[in-house]
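Novice: One-letter residues, chain by chain:
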Amino acid sequence: MTDIAPHAPAPPASAPAAKSSTELLAIAGLALVLAAAPLAAYPFFLAQALCLALFACAFNLLVGYGGLLSFGHAMFYGSASYLAAHAAKVWGLPPEAAILAGTLGAGLLGLASGALSIRSQGIYFSMITLALAQLVYFIALQSPYTHGEDGVQAVPRGKLFGLIDLSNDVTLYYVVLAIFLFGLFSIYRIVHSPFGTVLKAIRENETRAISLGYRVDQYKRAAFVLSATLAGLAGATKAIVAQSATLTDVHWTTSGEVILMTLVGGMGTMVGPVFGAFVILAMQNYLSTFGQWVMVIQGAIFVVSVLSFRRGLIGEIANRFKISL
Amino acid sequence: MSAYALETDGVTKEFSGFTAVNDVSLRIRRHTIHALIGPNGAGKTTCFNLLTKFLEPTRGSIRYEGRDITRSRPADVARLGLVRSFQISAVFPNFSALDNVRIALQRKRGDSFDFWRSDKLLRQYDSRARELLDEVGLSAWTDAKAGEMPYGRKRALEIAATLALDPQMLLLDEPMAGMGHEDIDRIADLIKRVAEGRTVLMVEHNLSVVSRICDVITVLTRGKVLAEGDYAVVSANPSVQEAYLGSESPEGAGHG
Numbered sequence: 001m002t003d004i005a006p007h008a009p010a011p012p013a014s015a016p017a018a019k020s021s022t023e024l025l026a027i028a029g030l031a032l033v034l035a036a037a038p039l040a041a042y043p044f045f046l047a048q049a050l051c052l053a054l055f056a057c058a059f060n061l062l063v064g065y066g067g068l069l070s071f072g073h074a075m076f077y078g079s080a081s082y083l084a085a086h087a088a089k090v091w092g093l094p095p096e097a098a099i100l101a102g103t104l105g106a107g108l109l110g111l112a113s114g115a116l117s118i119r120s121q122g123i124y125f126s127m128i129t130l131a132l133a134q135l136v137y138f139i140a141l142q143s144p145y146t147h148g149e150d151g152v153q154a155v156p157r158g159k160l161f162g163l164i165d166l167s168n169d170v171t172l173y174y175v176v177l178a179i180f181l182f183g184l185f186s187i188y189r190i191v192h193s194p195f196g197t198v199l200k201a202i203r204e205n206e207t208r209a210i211s212l213g214y215r216v217d218q219y220k221r222a223a224f225v226l227s228a229t230l231a232g233l234a235g236a237t238k239a240i241v242a243q244s245a246t247l248t249d250v251h252w253t254t255s256g257e258v259i260l261m262t263l264v265g266g267m268g269t270m271v272g273p274v275f276g277a278f279v280i281l282a283m284q285n286y287l288s289t290f291g292q293w294v295m296v297i298q299g300a301i302f303v304v305s306v307l308s309f310r311r312g313l314i315g316e317i318a319n320r321f322k323i324s325l
Numbered sequence: 001m002s003a004y005a006l007e008t009d010g011v012t013k014e015f016s017g018f019t020a021v022n023d024v025s026l027r028i029r030r031h032t033i034h035a036l037i038g039p040n041g042a043g044k045t046t047c048f049n050l051l052t053k054f055l056e057p058t059r060g061s062i063r064y065e066g067r068d069i070t071r072s073r074p075a076d077v078a079r080l081g082l083v084r085s086f087q088i089s090a091v092f093p094n095f096s097a098l099d100n101v102r103i104a105l106q107r108k109r110g111d112s113f114d115f116w117r118s119d120k121l122l123r124q125y126d127s128r129a130r131e132l133l134d135e136v137g138l139s140a141w142t143d144a145k146a147g148e149m150p151y152g153r154k155r156a157l158e159i160a161a162t163l164a165l166d167p168q169m170l171l172l173d174e175p176m177a178g179m180g181h182e183d184i185d186r187i188a189d190l191i192k193r194v195a196e197g198r199t200v201l202m203v204e205h206n207l208s209v210v211s212r213i214c215d216v217i218t219v220l221t222r223g224k225v226l227a228e229g230d231y232a233v234v235s236a237n238p239s240v241q242e243a244y245l246g247s248e249s250p251e252g253a254g255h256g
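Sequence order for the protein chains is A and B. Sequential numbering of the first sequence, starting at 1, is according to our numbering. Sequential numbering of the second sequence, starting at 1, is according to our numbering.
The following block holds chain A by itself, in its conformation from the complex:
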């Protein structure tokens, strides 16, 4: 029943595990394409897309490398968005400080919600994150600082470090691109660090990781906070780009959308969620003439993609060529 070659050990059948250098190449290639992108599309649209792409990458850090499916990631994206909008508009902070405030705020929220949710396994973890996100949503709906249905509007973009005027969309785009690449490279660093190695081991076989002496809850909690912080960076940047923070940012559909982006692009791949984000946004954009039917079409595409290419766009390519992307 077992396949044994007792005398001469059979040479290993599979190729060596993929190396991370191809991922760096993919990031570099992506950076080049994105640097040239304003030639082909509106910089304002691209800047908003990059925020969602970074959000998807942050989400992917948790689900793709940590194996934890959060169904409430919009709470980090949205609360960072509100916080940055409030900081820039009411407190009059410069954009870099507003973004930093939003990011750190999301990190703290991640610390608190991680402490409550991380010990639950599987679907229970997803449900607790969803419940906490709903809590945050109702706070956003009721709180006087968030202005309910209106949201925070007319957020000033200001001058980055007092020098770079962000009112120009092209300038804004390249600043957002820099933030996006910083976020993406941070994720690369985390995934390929001693910490990331343990995280992947926990995803692969949690009980075995425990039996090797790893206190897995602490690693998962750390991954949760890192993912929340990066999702916060995306949300805070979005507030400056769109000059607003609204209920949509904390709504559960945003949590769902980020799952969709990650799955379509390729869960557990470095650049997959970026492609996923662009595919979903392009669809919403070009199919907007269909009105409410966008959701139906989006749902159908989701079903088809899960059934026919389960690893996602980039995941299938990476698997075909036995490389890591």
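In short, the hints are calculated from the structure, not lab data. Values in this document were obtained by computation on a predicted structure and should not be read as measured data. Some hints could be false.
As the list claims (entries may be wrong) - Calculated pairs, SDA-like style, for lysine to any residue (alpha carbon to alpha carbon, straight line, at most 25 Å):
# : chain 1 : residue 1 : chain 2 : residue 2
1 : A       : K159      : A       : L181
2 : B       : K120      : A       : F185
3 : B       : K108      : A       : H192
4 : A       : K159      : B       : D143
5 : A       : K322      : B       : K108
6 : B       : K120      : A       : I27
7 : B       : K108      : A       : E206
Stated by the list, open to error - To list a few chain A residues with every Cβ distance to chain B over 12 Å, as calculated:
#  : residue
8  : S20
9  : I27
10 : F44
11 : L130
12 : L132
13 : K159
14 : I190
15 : L212
16 : V216
17 : V304
Each residue gets a CB set at the ideal place from its N, CA and C atoms; glycine is no exception.
Using the hints provided, position chain B relative to the given structure of chain A.
Specialist: Just chain B, lined up with the frame of chain A:
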């Protein structure tokens, strides 16, 4: 220091009315290979999970090297040098064989929360990892994906990773389960070899292996200790023959 590495005192585990392990007092002498045998449902695996803290006992206490570990967490028990294997082969399937061993060696750094450093610094463990793979006869499999290795090789890999922690005591849960003859002999020899200077407690169905490599055997039935001693003593015990071996002769009971 007592002569025992691991001692339990009246350990009992109840699952809502059902007593899986009932008042079990075990003493595992240091530097011996101790087997825990018994028919299906005797409570061996439950007992095992209690010892490695994957389950909490309802009553009783567990001491490891004089230290009370009754309420310790599983990761902390592993850090004390009491390391377990699993009935279902426990490897990290998408890691290479080398990485499987390296993740265990990485424990020597203590905690690895440094997410800002490159994992290249883990290469310092590569040579030791290769040595360990060599020790269990897996040098040709270094770069193979663990999930794609044949079953017997996975078990050897698991033992290599366990040895990487340099444990003082190994708890092996049915190390021969589902193996072919060639593999059984190889793994039995391997266990015998790694038991030098270590204490081993194993749950095992394969009595020929047990008779060959184990010094002490404890027989469990219905959650209780039925008999204890070396193979000759235990196999001569009439109640053991009745409860466990039935009409079969001990030699005939090869596979579990």
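Novice: Against each hint, give a clear statement of whether it holds in the structure.
Specialist: Structure-based check of all given hints:
At most 25 Å may separate the alpha-carbon atoms for a hinted pair to count; A:K159 and A:L181 meet this at roughly 20 Å. Among the hinted pairs, B:K120 with A:F185 is consistent with the structure: their alpha-carbon atoms are about 16 Å apart, no more than 25 Å. With a CA separation close to 19 Å, the supplied pair B:K108 and A:H192 stays within the 25 Å bound. Distance restraint check for A:K159 and B:D143: the Cα-Cα separation of roughly 52 Å exceeds the 25 Å cut-off, and the hinted pair is therefore not satisfied.
Restraint check for A:K322 and B:K108: not satisfied, since their Cα atoms lie roughly 32 Å apart, outside the 25 Å limit. Taking the CA atoms of B:K120 and A:I27, the gap is near 19 Å; set against the 25 Å cutoff, the hint holds. At roughly 19 Å between alpha-carbon atoms, B:K108 and A:E206 fall within 25 Å of each other, so this suggested pair holds. Separation of A:S20 from chain B is inadequate, the least Cβ-Cβ distance of about 8 Å not exceeding the 12 Å criterion.
No beta-carbon of chain B comes within 12 Å of the beta-carbon of A:I27; the shortest separation is about 15 Å. With a least beta-carbon separation of about 33 Å from chain B, A:F44 lies farther than 12 Å from that chain, consistent with its non-interface assignment. At roughly 26 Å from the closest C-beta of chain B, the C-beta of A:L130 stays outside 12 Å, upholding its exclusion from the interface. Every Cβ of chain B is farther than 12 Å from the Cβ of A:L132; the closest lies at roughly 24 Å, confirming the non-interface assignment.
Distance check for A:K159 against chain B: the nearest CB is about 30 Å away, which clears 12 Å, and the non-interface claim stands. With a least CB separation of 4 Å from chain B, A:I190 falls inside the 12 Å interface cut-off, contrary to its annotation. With a closest Cβ-Cβ approach of about 5 Å to chain B, A:L212 is found to fall inside the 12 Å limit, against its non-interface label. A:V216, annotated as away from the interface, has a beta carbon of chain B within 12 Å; the closest lies near 7 Å.
No beta-carbon of chain B comes within 12 Å of the beta-carbon of A:V304; the shortest separation is about 26 Å.
The structure does not agree with the numbered hints 4, 5, 8, 14, 15, 16 stated previously, though it agrees with the rest.
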